[in-house]
Structure formats: structure tokens, C-alpha cells
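**Student:** With chain A held as given, fit chain B with the ligands onto it using these hints.
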Amino acid sequence: MNSDVQDSGSPFVGDPPLLKLERITKRYPGVLALDQVDFDLRPGEVHVLFGENGAGKSTIISIIAGALRPDAGRIEFRGRQIALASVHHARSLGISAVFQEFSLVPQLTVEQNLFLGAEETSWGRLNKSALHENAAEILKRLGFPLRPTQRVEYLSRAEQQMVEIAKAFRSDLSVLILDEPTASLTHRETEQLFALIEQVKAQGVGIVYITHRMSEIRHIGDRITVLRDGRYVATVDSETAEDELVRLMTGRVIDQIFPHISYRPGEAMLEVENLTTEDGTVTGVSMNVRRGEIVGLAGLVGCGKSEVARACFGLIPVSGGRTLFNGEETTGLPPRQMLDRGFFYVPPDRRGEGLLMMRSVRENIALPALSLPDFSRGSVLRRHAESARTAALAERLNLQPLRVEREVDHFSGGNQQKVLLAKSLTRDVELFVFDEPTVGVDVGTRAAIYEFIRDLCESGAAILLISSDLPEILHLTNRVYVMCRGSLAAELSGEEISQESVLRHCFERKAA
Amino acid sequence: MTANRTATHWAQLAFVRLGVLPFLLMIAMIVFTLMSDNFLTGRNMLNVVRQSTYLTLVSMGQMFALLTGGFDLSVGTILALTSVVGASAMAGAYAAMPDAVALSILIGILAGIAAGTAIGAVNGIGVSVFNVSPFMMSLGMASVGFGIALYLTGGVPVYGMPMQFGDTFGFGSLLGVPTPILVTVILIAILYFVVNWTRLGRYFYAVGGNIKAARLSGINTKLTLFLAYVLCGAMASISGILLTARLDTGEANIGASMPLESIAACVIAGVSLRGGVGRLESVVMGALFIGLVQNGMNLARIESYLQTVVIGALLILAVVADQFRLRYIANLRD
Ligand SMILES: Nc1ncnc2c1ncn2[C@@H]1O[C@H](COP(=O)(O)OP(=O)(O)OP(=O)(O)O)[C@@H](O)[C@H]1O
Ligand SMILES: [Mg+2]
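So the protein sequences, as listed, match chains A and B.
Take 1 as the starting number for the first sequence in my numbering and just add one per residue.
Take 1001 as the starting number for the second sequence in my numbering and just add one per residue.
Only chain A is shown next, with the shape it has when bound in the complex (with noise of 0.2 Å):
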């Protein structure tokens, strides 16, 4: 072993790097998304790129997995230089990809998606039986509890991150690019996927790892190399300091990520009885909602948490029990209904519901609101109203870039959370329910949704938050409810909140 390398850990330090990139440059019209950037991957190492949102890191990985192509730079692997024609190429090279916006067909199985391409024939006949063993083998070795002939698009999105993933594992590997891998799973999936990666990385695979969780970074990065706004900042180890980390990043410094809010909870906005639904993924819970407070709502991935919210709102069916909203009974009003009297719903999966890709920042936002006398006289469009409004609420969110008439489709992720946001406060809300508000949120713009969500609270409107990032359970809560396989598990307040307690919940029911 060579002495002059520094030692990680990794058997493979000194190999020479399996893939170089050497002044990548990228330019969408009107936004430089990298410059001259430099980047390697050695064998066995997780190599974290860093940033914030819209710092170029998708745009690397991208090029990296062949789905676009460099205006200028080389791409070496293993020693040689390649043009990446295609995705397909470059899985032929073994370099595997997880994006951030998932590329799964809605209308196949999840045995079907997980080899899309790769389906094994025998004279042209597919071999169904083999694919559908294989689908189960590797769903089996990642530990994630999907049925291979489940379709799709009945899946919720951290069920479909899995699939991702999965999909990711089936074939040789020698790179595996992972972009946000975890931005929708719990604790559980999280866990099992990094011993995976721990596995893989024992072979000697080189992984790119996107993440904006410092714990993340802190567990499986090796290397961390920290991108701000298209150029390449500096690759420093994973045994950097956080503070360090941060401010390579934002170029500031960020004292701290969680506000201090003070709760002053009033009446009850929101009342949960007995609730059950149709579909069976909520059995009998009972909560309720105050104003002037946050509540969280916790558990693993399909414990039904984000059902109860949605069956509130008008999404699911209901079949059991009943709900109050703000004193009245709303048992299976449609959201429309419950949008006018002040009930918000922000989902978890900004591409699926919540926005339109395609159409401007500007009609993204007002979109909830356009019935309102703020942006129609009638049923005509104030159009110079909207304007105003839209844009002074994209600025107070930091969008980045700030054109509000550019399509939501062009901005990186964490902005298009943003938009998602700011689609909230067109309106008057007296219940905002976040689910999984911070999905692919950089932790300066994380920090300045918090202080948000807290200025919400402390003006006095109902706040539940779902979420499956525990520290932000943690520190913004005054009460949670655990849920488990569709029921609640557990109301804990003030003290009684801390990591131990709520993951105990999260796994065993309630003795009742």
C-alpha cells in the first residue's frame, strides 16, 4: 500500500481514480450550470458533492450517467477518455444512476420498471419468471418492503425512491451516482442503504453521493467536494468541520439551522376522530391541531402519516370516524372546499401534484388563489395584480434564479420546493399542513424555510408538519404524534420528545 495517500480506511487508496473529470463546462440559455469544474472518483470511496440548490450538482451527475452532454472538458474513466452517448452507454460501463426526479414508468410493475431495458429473453421471449425472481432477490438484499408486481403508480413517492434505488443495484457496478437518495426515506430504508453501500463499496465501486444532510455526510462520506454556483469550490475529507463545510458553500457563515419558536397554542383548528379510510392505510386515529403551535407527525415510510392529512383534506376516502376543521364537520369535503376555509395542503412530491412543470413560476404560485379577489375581478384575471404578488412572494422565498416568467421545469430542485412554498401564502391559511416540506432543500435555504414555518406559528395559524426527517421533528415541535401500520403509536409533548422516544414509537405499536 502506498504510504503518501493519505489512508481512509478504503483498500482501494492509491488505485488509480476510476473517473476523472477535468474543466466540465455546461450552459443552459441564461444560466452558466458549471464552470470548468474538476472532479474524480476513486475506487471503494463515497465521494459527496456539496452545494447549494442550483449549484450545479445534478448538472455533474448528469453528465457523469451520460443523460447530458458537456459544452467543453474531458471525461476519463478508468484511464481512458470516453464520450458518454447515453444512458444506456454509460450503464454498459457500469456507471448506474439514481436521479433526483425519478424516471420510472407509472404504468408498469415494479418487477418491470426495475429491469426496463434490461429485461432478460430467451429467443426473443421474455423470461418472466427469471425477472420476476431477480426483482424479489434484489428488493430482498436491500431490505425494502415493495410487492415486485405492485404497479407503479400506486406507489408513494418514498416507494418509488426505493424502486429507484433498486433499479440502480441490478446491474455490474462500477460507479453508482446516488442524488438524493434519501430526501423521502425514514431512518429504517436509510440505514439499510447505506450498509449497501457499505457492501458495495467493499467491491470497490466509486460512489457520487448527493445529499444535503449533514448526519448523511458525516456517516458514509469519505470525500466531500463543494460546489458554488457552477465552479468548483474545494474537495476537503469527511472529517471537516460542519460550520467549515457550510461556509465553503454559501461562501457566510450560518450560525443556526433551527429557529427558537415560542408555541402559544389556542383553540383547535384541527380535530381528528376515530379516523379510518377506505384503502386501509389509516386505522382509528384520533388528534388534533391547535393554533399557534406545530405539531409533527412521525413514523417509518407507509405508516399511513401522510394519509391522515390527506384524508382531511379531501384526498382519500373516508370510511370511519370524522373530522372537524376549525369547529365545523368536514368529513369527506373535496379540497376545494377545505381550501376555502382555510385548510392548506403541501404534498411531498413537487413533480407529481404539486406543480405544473411546464408552466411559469408566475401561474405555479397563484394558482391556489386565482378565485380570490387579489388576482380576479369576476372571472377575469387581474394579470398585473398577479404579477406583483407572485413575484414579491418568490423574492421573500429566495428564489434563485428570480424569473418568475421562466417554467418551473428549468430551476433546479430545491427552487422548485421553493415555488411549491410560496404557493401557500397566496392565500388565508389557518392550517398549514407541510408533508416532507424540505425535501432537497440546501441548508441555507432549509434554515430560512424553518424561520418561516416559525413566523407562521407565532402569527397564530395551525401548523402540522409531516416529515420523515427526524431532527426536524426535534427541533420545531412542540408535539408529535408516532404513527404506526396505520395507527397512532404515541403523542409525545415538550421533554418527552427526543430521538430514542420517537424512533422507539415508530416501531412497535402502542400496548393497547
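Don't read these hints as lab results, they were simulated from the structure.
Predicted model only: the values in this text are computed from it and were never measured.
Take the hints with a grain of salt, since some may be wrong.
Said to hold, decoys possible - Computed, partial: chain A to chain B, Cβ under 7 Å:
#  : residue
1  : Lys-128
2  : Pro-335
3  : Leu-339
4  : Pro-347
5  : Glu-353
6  : Leu-356
7  : Met-358
8  : Leu-367
9  : Pro-368
10 : Leu-370
11 : Ser-376
12 : Ser-379
13 : Val-380
14 : Leu-381
Stated by the list, open to error - Derived DEER-like restraints, expressed as beta-carbon distance ranges:
#  : chain 1 : residue 1 : chain 2 : residue 2 : range
15 : A       : Ser-387   : B       : Leu-1175  : 33 to 41 Å
16 : A       : Asp-38    : B       : Phe-1135  : 48 to 56 Å
17 : A       : Arg-188   : B       : Ala-1321  : 43 to 51 Å
18 : A       : Phe-507   : B       : Leu-1018  : 38 to 46 Å
19 : B       : Val-1320  : A       : Ala-72    : 27 to 35 Å
As the list claims (entries may be wrong) - Here are the computed lysine to aspartate or glutamate pairs in the EDC-like style, where the Cα-Cα straight-line distance is at most 16 Å:
#  : chain 1 : residue 1 : chain 2 : residue 2
20 : B       : Lys-1212  : A       : Glu-353
21 : B       : Lys-1212  : A       : Glu-153
22 : A       : Lys-20    : A       : Asp-40
23 : A       : Lys-20    : A       : Glu-76
24 : A       : Lys-140   : A       : Glu-191
25 : A       : Lys-20    : A       : Asp-38
Glycine residues also receive a C-beta, built at the ideal position from the N, C-alpha and C atoms.
**Tutor:** Using the frame of chain A, we list chain B with the ligands on its own:
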């Protein structure tokens, strides 16, 4: 050399911003001007515009269906049914009260538009309430409507409408502008307003852009879908009335080429087949372009069967070119 390069640059930029349509229009103008001396004359251009009005009206309606992520294959049938029902009602009313010419014309027009819009309403109910795919729904209704039109007339043209109907709405003109053009221009103005300045217009884009997001934003998605097909039916039937006036008879066999041509006009104009994207003014241009090509081919004495080939090929070409455009967008610097 550099001048050349900036020229290509500008052409690329125009291509990205405006789509294929301006280029196709330019090419068509040049080609047909070279092929026939009678093409680029004021009279012929007015002719083109007049002949294109029927397709323009249908295409604008088709745009609403496309915007919501569907389409309407029954627009041809709507034209036919409108023509037959309108003509029959008008002829009947005129026979019953030969003095009340204006009243019988009004009755005929209303009856025709009601019949055509009804088909649109049935499409809308099927798509929005029963979740039938727009393809099956409108294909089914195309057959139903055509069957009714034939059944009502036994396949023979309907005569007996008052002379004044054709004179006014088919061949008449006001201040030198032919009535069909006038009607179309008024409807373009109204629809432009609806699309860009009303909530309903915005909701069409929202429902086609992402129906789930639209629902979460409190939009009545079923009603929006329903109205898109009703509007589409209404536009097709107005076109049917104007065409009936021009032909002076009620015909069950008109409009057969409308579904393809109206979808082609929209797609060439950059309306996305997946919904949520499209501009009314481009659709009008798209319909004019198709009218222009047909007129040019007639003047150049290209056989009508071949013309059908050309229209189909143009549609495919436009879609391919649009794909190239999307790829360009990714590469072009601003
Ligand atoms: N299709 C596109 N068209 C135009 N601009 C784009 C497009 N995709 C990305 N960009 C721009 O390129 C820049 C880099 O985007 P990228 O998606 O790589 O950011 P990111 O680092 O992955 O951010 P995030 O953490 O939010 O996912 C951003 O300024 C973004 O606005
Ligand atoms: Mg990204």
C-alpha cells in the same frame, strides 16, 4: 463569414423561440409562389383566409381539448351533425312560416349549434365523470354522431333553407370583409381573452399541466375538463353552420378530414400532445398554414389524393422538428 454565422444564430434563436411554424410558412410561400403565378395575389390570399376559417374555428376548439391533455376525434362528426340538424330545422321552420325568414334562420342556427355542442357535452361527461380516455370517448361519439346524421337524412343532402342564409353567412360580406372571416375574427378575439385573461383559461392549462396539482390547488378539475369538450364542440358546430351556409345544403358527409387537420394545425403550432402548453395565436397561424398549403397545391394542380399525403407528412415533420427544437433548447446559449 461572421455575418453568415450571426444569421444562423438568429435563425436558431427564432427556431427555439417561435417553433417550426414561421419557417414552414416561409418555405410554403416561396415554393408556391414559384409554382404558380396566381398564388401571391391579394385576391388569392383573401381566398386562403376565407377558406381557412372553417378549420381555424375547429382548431381553436381542438386546442382546448389538447390543452387539458386530451383530444377530440369527433369534431368532423360534429360538423356533419350540426349541418344536418341545422339545415333540417331551418328548412322545417321556413316551410312552416315562409314570412319569418330571420326567425327560421335563427332557429336553424341554434338547433345546429345545440346538436353539435351536445356531442361535445357527452364527450365531456365521458371524459370527466366516467374517466373514459378521450381517444375512446371521442372515437365512439364520432361513430354515434355520424350514424345519427345519416339516419336523419337517409344520406341525402338537406335542401330548402331560405336563400338569405347562404347569402349572408356563406357569401355575404360586411364592409368588404366576408362574413365567415368576420365571425372567425370575433371568435378569435373572444377566445384569446378567455385563454389569457380568465380563470377558466388558466384552469385549462393547469388541468393539462398536472391534474393532481390542479386538484390540490382547489380547482374543479371535472368541470374544467367538461367545459373544454363543450367549448370544442361549440366551436366545431359554429364552423359547421358557416360551412352549411357556404354549401347551401345540409350535408352528412362534410368534415371527415377535420380531426386530422385540426390536430395537425395545433401540433404544428406547438401545442403539446401531453397537455398544458399551447398558444391560441399560434394555432390560428397553424390553421392558416394548412389552408395555405391546400390552396397552393390546388393552384399547382396537385391531385387531391396526393394532398392528403402531404398534410399527413407535414404533421409528422412538424412533430419531428419540434423534437429537434427541444434538443436545441438544451444546447443553445442565450
Ligand atoms: N433544464 C434546464 N434548463 C435551464 N436551466 C437549468 C435546467 N436545469 C438546471 N438548470 C440550471 O442549472 C443550474 C444548476 O442546476 P442543478 O439542477 O445542477 O442544481 P443542483 O445543484 O442539483 O441543485 P438542487 O440541490 O436544488 O438539486 C441552476 O441554476 C438551474 O437553474
Ligand atoms: Mg439537484
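**Student:** Double-check Leu-356(A) for me: the hint is only fine if its C-beta lies closer than 7 Å to a C-beta in chain B.
**Tutor:** At 3 Å from the nearest chain B Cβ, Leu-356(A) passes the 7 Å test, so the hint holds.
**Student:** Under the criterion that the straight-line Cα-Cα distance not exceed 16 Å, is the pair Lys-1212(B), Glu-153(A) satisfied?
**Tutor:** Cα-Cα ~13 Å, so holds.
**Student:** Taking the beta carbons of Asp-38(A) and Phe-1135(B), is their distance inside 48 to 56 Å?
**Tutor:** Roughly 51 Å apart at Cβ, these two residues keep to the hinted range, so it holds.
**Student:** Quick check on Val-380(A) please, does its C-beta sit within 7 Å of some C-beta on chain B?
**Tutor:** Val-380(A) check passes; min Cβ-Cβ to chain B is 6 Å, inside 7 Å.
**Student:** Do the numbers back the hint for Lys-128(A), that is, is its least Cβ distance to chain B under 7 Å?
**Tutor:** Violated. Min distance 27 Å.
**Student:** Any CB of chain B closer than 7 Å to the CB of Leu-367(A)?
**Tutor:** OK, holds: Leu-367(A) within 7 Å of chain B, min 4 Å.
**Student:** Would the hint linking Lys-20(A) and Asp-38(A) be met if the CA-CA limit is 16 Å?
**Tutor:** 8 Å, holds
**Student:** Can you verify the interface hint for Met-358(A): is its Cβ closer than 7 Å to any Cβ in chain B?
**Tutor:** 5 Å, holds
**Student:** Mind checking the CB of Leu-339(A) against every CB in chain B and telling me if the closest is under 7 Å?
**Tutor:** 4 Å, holds
**Student:** Go ahead and decide if the range 33 to 41 Å is satisfied by the Cβ distance of Ser-387(A) to Leu-1175(B).
**Tutor:** 38 Å, holds
**Student:** CA of Lys-20(A) to CA of Asp-40(A), is that 16 Å or under?
**Tutor:** 4 Å, holds
**Student:** Next item in the hint list is Ser-376(A). Is there a CB on chain B closer than 7 Å to its CB?
**Tutor:** 6 Å, holds
Checked against the numbered hints above, the structure breaks hints 1 and 18 and satisfies the rest.
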